[in-house]
Amino acid sequence: MFATTKKWIGATAVAEPELASAPAARSVARPPTRAPAGASAALEGVTLAYDGGAAVLEDVSLDVAPGEALCLVGPSGGGKSTILNLLAGLVKPTRGRVLFDGAPVTGPGPERAVVFQDAALFPWLTLEKNVAFPLEVAGVAPAERAERVDELLRLVHLSRFRGAFPHELSGGMRQRGAIARALATRPRMILFDEPFAALDGQMRELLQGEVERIVRASRTTMVFVTHAIDEAVRLGDRVVLIGTRPGRVIGEVHVDLPRPRRAAFGGARADAGGASLEDVQAVRIAQRIASEIRVEVDKVAREEADGAWGSSSGPDGGDPRRHLGRGI
Amino acid sequence: MARALASATAEGTLGRAVLVSAVRLVVGYAIALATGVPLGLVLARVPAIKRALGPLLLGLSSVPSICWLPLAIVWFGLSEAAIQVVIVLGAALPVTLATESAVRHLPPTIERAARTMGAAGPTLLFRVLLAAALPGILTGAKMGWTFALRSLMAGELLFVSGGLGQLLETGRDLADTALVLGVVVVIVALSRASERVLFGPVERVVARRWGTAAS
Chain A
1 MFATTKKWIG ATAVAEPELA SAPAARSVAR PPTRAPAGAS AALEGVTLAY DGGAAVLEDV
61 SLDVAPGEAL CLVGPSGGGK STILNLLAGL VKPTRGRVLF DGAPVTGPGP ERAVVFQDAA
121 LFPWLTLEKN VAFPLEVAGV APAERAERVD ELLRLVHLSR FRGAFPHELS GGMRQRGAIA
181 RALATRPRMI LFDEPFAALD GQMRELLQGE VERIVRASRT TMVFVTHAID EAVRLGDRVV
241 LIGTRPGRVI GEVHVDLPRP RRAAFGGARA DAGGASLEDV QAVRIAQRIA SEIRVEVDKV
301 AREEADGAWG SSSGPDGGDP RRHLGRGI
Chain B
1 MARALASATA EGTLGRAVLV SAVRLVVGYA IALATGVPLG LVLARVPAIK RALGPLLLGL
61 SSVPSICWLP LAIVWFGLSE AAIQVVIVLG AALPVTLATE SAVRHLPPTI ERAARTMGAA
121 GPTLLFRVLL AAALPGILTG AKMGWTFALR SLMAGELLFV SGGLGQLLET GRDLADTALV
181 LGVVVVIVAL SRASERVLFG PVERVVARRW GTAAS
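Protein sequence lines correspond, in order, to chains A and B. Just so we're aligned, residue 1 is where the first sequence starts under the numbering used here, counting upward by one. Just so we're aligned, residue 1 is where the second sequence starts under the numbering used here, counting upward by one.
Don't take each hint at face value.
Said to hold, decoys possible - Simulated crosslink set (SDA-like; lysine to any residue; CA at most 25 Å straight-line): (1) A:K129 <-> B:P107; (2) A:K92 <-> B:P108; (3) A:K129 <-> A:Q117; (4) A:K129 <-> B:E111; (5) A:K92 <-> A:S61; (6) A:K129 <-> B:F126; (7) A:K92 <-> B:R115; (8) B:K142 <-> B:A6; (9) A:K129 <-> B:A120; (10) B:K142 <-> B:P201; (11) B:K142 <-> B:V74; (12) A:K129 <-> B:P108; (13) B:K142 <-> B:W75; (14) A:K129 <-> A:K92; (15) A:K92 <-> A:R245; (16) B:K142 <-> B:L198; (17) A:K92 <-> B:V46; (18) A:K129 <-> B:L106; (19) A:K129 <-> B:K142; (20) A:K129 <-> A:R95; (21) A:K129 <-> B:P122; (22) A:K129 <-> B:E203; (23) A:K129 <-> B:R208; (24) A:K92 <-> B:L125.
Derived by calculation from the structure, the hints in this document are not laboratory data.
Take the sequences, apply the hints, and build the full model.
This is the structure in structure tokens:
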């Protein structure tokens with residue numbers, strides 16, 4: 001497996017050596033033959049239940065097109081992260097199939113990188129060595145490795161902090177480091193698991209912009225899990241809504257807004273003369289998503305409040321799923 | 001007391017005793033580390049072995065290691081090996097249990113992240129899990145060192161073999177309280193100094209990397 005990876009990374013390095021200049025690269029015409037673009041992925045009728053328990057996911061089918069930026073939104077505990085873990089190969093489905101680039105996923109691999117909510121940088125390695133780690137595992141030669149790490153750290157604006165240990169970095173810096181590490185092996189799909197949930201609003205907006213820029217420049221497929229609707233509308237070409245208990249697809253919304261997009265509420269700046277048409281569209285899309293998942297959010301709130309949520313929730317007890325029906 | 005220590009030093013008995021004890025301690029402790037850390041790792045990673053050996057090891061850890069001395073003497077006679085058995089059994093258990101616990105309680109995203117980067121097998125085991133568990137293993141290693149020292153002293157007291165324990169026995173035989181107390185002071189000093197030399201550097205590394213306060 002390592003040998004294949006090595007070969008593949010080598011090939012990529014030749015085909016696409018210019019990731020570091022990503023911001024400029026947008027305006028520069030790229031050669032037409034640029035392998036490997038993002039890969040496709042799919043869940044086909046996936047059901048997942050842990051040892052006899054209730055299903056976490058039930059009959060989930062999902063297609064991700066090559067190079068697509070797909071966002072999964074839904075209330076917490078709804079199985080969004082589980083879908084990500086399935087795509088990453090960290091979890092195996094009870095029923096159904098998980099496909100990557102047309103082939104069944106058998107386990108995790110460097111062609112599908114994951115950015116975790118807590119960054120998950122290794123605390124015993126400096127930032128630089130963290131970013132180098134996947135390359136080392138893949139058997140990339142030291143010289144090439146160093147070059148690639150330089151490139152990646154520049155890409156996420158962390159060159160100055162290369163020698164710092166993760167605990168010396170801020171939350172936002174750690175996430176940028178994790179993104180750099182995820183990009184190291186030039187994955188064909190990047191999976192984001194609520195990476196900015198623990199960050200403050202401004203940092204989140206900044207990093208959303210970074211992700212949009214970086215992922216578009218690398219042209220990999222992206223699946224981004226979030227519970228923030230504005231984040232999904234900003235980053236996604238398509239937003240899939242995930243219902244909860246059991247997790248399932250309850251709808252999808254295409255986001256046909258031009259890129260690069262602005263932060264959710266950045267539109268009302270005075271110098272821009274108020275909200276632009278695009279901002280209005282973004283808000284409309286966000287509202288539509290919000291209304292579509294409201295039922296699910298209410299359901300979670302009610303379950304967590306043990307039936308004490310709202311006044312029209314009907315008689316106490318019983319399976320709330322039965323009262324609400326499935327989906328919308 | 002100072003006079004007793006001075007005369008023991010002058011005769012050379014103290015120096016010889018310290019040397020004999022120190023060599024035993026280091027050898028036994030090295031064997032304990034070399035078995036305890038891998039065993040802890042295996043216990044943390046292989047549920048079947050954990051189920052089979054876990055309760056046994058926990059039970060054994062409540063047995064003072066000196067209790068093994070009679071068995072060790074039966075097997076190995078009044079030899080160096082018998083004392084080593086006592087030291088290794090005393091020190092390896094805390095090291096094993098601490099390693100097991102440290103590896104098992106790692107944040108799960110560490111392993112997940114490593115696996116998504118293609119780490120598997122020995123790379124995952126040694127370069128990720130063991131590295132990540134270093135702070136916990138260090139705690140166990142320090143505990144193991146203290147246990148090794150205690151086992152050694154108990155062993156040396158119980159049979160004549162040179163070493164600091166025997167010097168204590170000599171003090172008792174001669175009703176020389178000053179010598180006994182003097183040797184105790186030497187033991188305390190040696191234990192503190194050796195801990196500083198052995199674990200100080202590793203502790204500083206852990207503090208720097210993990211951002212925990214150095215002790």
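Okay, the hints, checked on the actual structure:
1. Restraint check for K129 (chain A) and P107 (chain B): satisfied, since their Cα atoms lie roughly 20 Å apart, inside the 25 Å limit.
2. For the suggested pair K92 (chain A) and P108 (chain B), the alpha carbons sit about 17 Å apart, so the restraint of at most 25 Å is met.
3. Between K129 (chain A) and Q117 (chain A) the CA atoms are separated by roughly 20 Å; this keeps the pair inside 25 Å, and the hint holds.
4. Of the supplied pair hints, the one linking K129 (chain A) and E111 (chain B) holds, its CA atoms being roughly 17 Å apart against a limit of 25 Å.
5. Of the supplied pair hints, the one linking K92 (chain A) and S61 (chain A) holds, its CA atoms being roughly 15 Å apart against a limit of 25 Å.
6. Distance check on the hinted pair: K129 (chain A) and F126 (chain B) sit about 16 Å apart at the alpha-carbon level, within 25 Å; holds.
7. In summary, the hint linking K92 (chain A) to R115 (chain B) is supported, as the alpha carbons are separated by about 14 Å, within the 25 Å threshold.
8. With a CA separation close to 31 Å, the supplied pair K142 (chain B) and A6 (chain B) exceeds the 25 Å bound.
9. For a cut-off of 25 Å, the pair hint linking K129 (chain A) to A120 (chain B) stands: about 18 Å separates their Cα positions.
10. The hinted pair formed by K142 (chain B) and P201 (chain B) meets the criterion: a straight-line CA distance of about 13 Å does not exceed 25 Å.
11. For the given pair, K142 (chain B) sits about 30 Å from V74 (chain B) by alpha-carbon distance, which is inconsistent with the 25 Å threshold.
12. With a C-alpha separation of about 20 Å, the suggested pair K129 (chain A) and P108 (chain B) falls inside the 25 Å cut-off, and the hint holds.
13. A threshold of 25 Å between alpha carbons decides the hint, and for K142 (chain B) with W75 (chain B) the separation of about 29 Å lies outside it, so the pair is violated.
14. For the hint pairing K129 (chain A) with K92 (chain A), the CA-to-CA distance comes to about 30 Å; that exceeds 25 Å, so the pair is violated.
15. Proposed proximity of K92 (chain A) and R245 (chain A) is supported: the alpha carbons are some 19 Å apart, at most 25 Å.
16. Distance hint between K142 (chain B) and L198 (chain B) is fulfilled; the C-alpha atoms sit about 9 Å from each other, no more than 25 Å.
17. Taken as a hint, the K92 (chain A) and V46 (chain B) pair is honoured in the structure, with Cα atoms around 20 Å apart against an allowance of 25 Å.
18. Between K129 (chain A) and L106 (chain B) the CA atoms are separated by roughly 20 Å; this keeps the pair inside 25 Å, and the hint holds.
19. Restraint check for K129 (chain A) and K142 (chain B): not satisfied, since their Cα atoms lie roughly 28 Å apart, outside the 25 Å limit.
20. Pair hint K129 (chain A) plus R95 (chain A) does not hold up; C-alpha atoms about 39 Å apart against a cutoff of 25 Å.
21. The straight-line distance between the Cα atoms of K129 (chain A) and P122 (chain B) is roughly 19 Å, inside the 25 Å bound, and the hint therefore holds.
22. For the suggested pair K129 (chain A) and E203 (chain B), the alpha carbons sit about 21 Å apart, so the restraint of at most 25 Å is met.
23. Note on K129 (chain A) and R208 (chain B): the hinted pairing holds, with a Cα-Cα distance of about 15 Å set against a maximum of 25 Å.
24. Annotation: proposed proximity of K92 (chain A) to L125 (chain B) holds, straight-line Cα distance about 22 Å (limit 25 Å).
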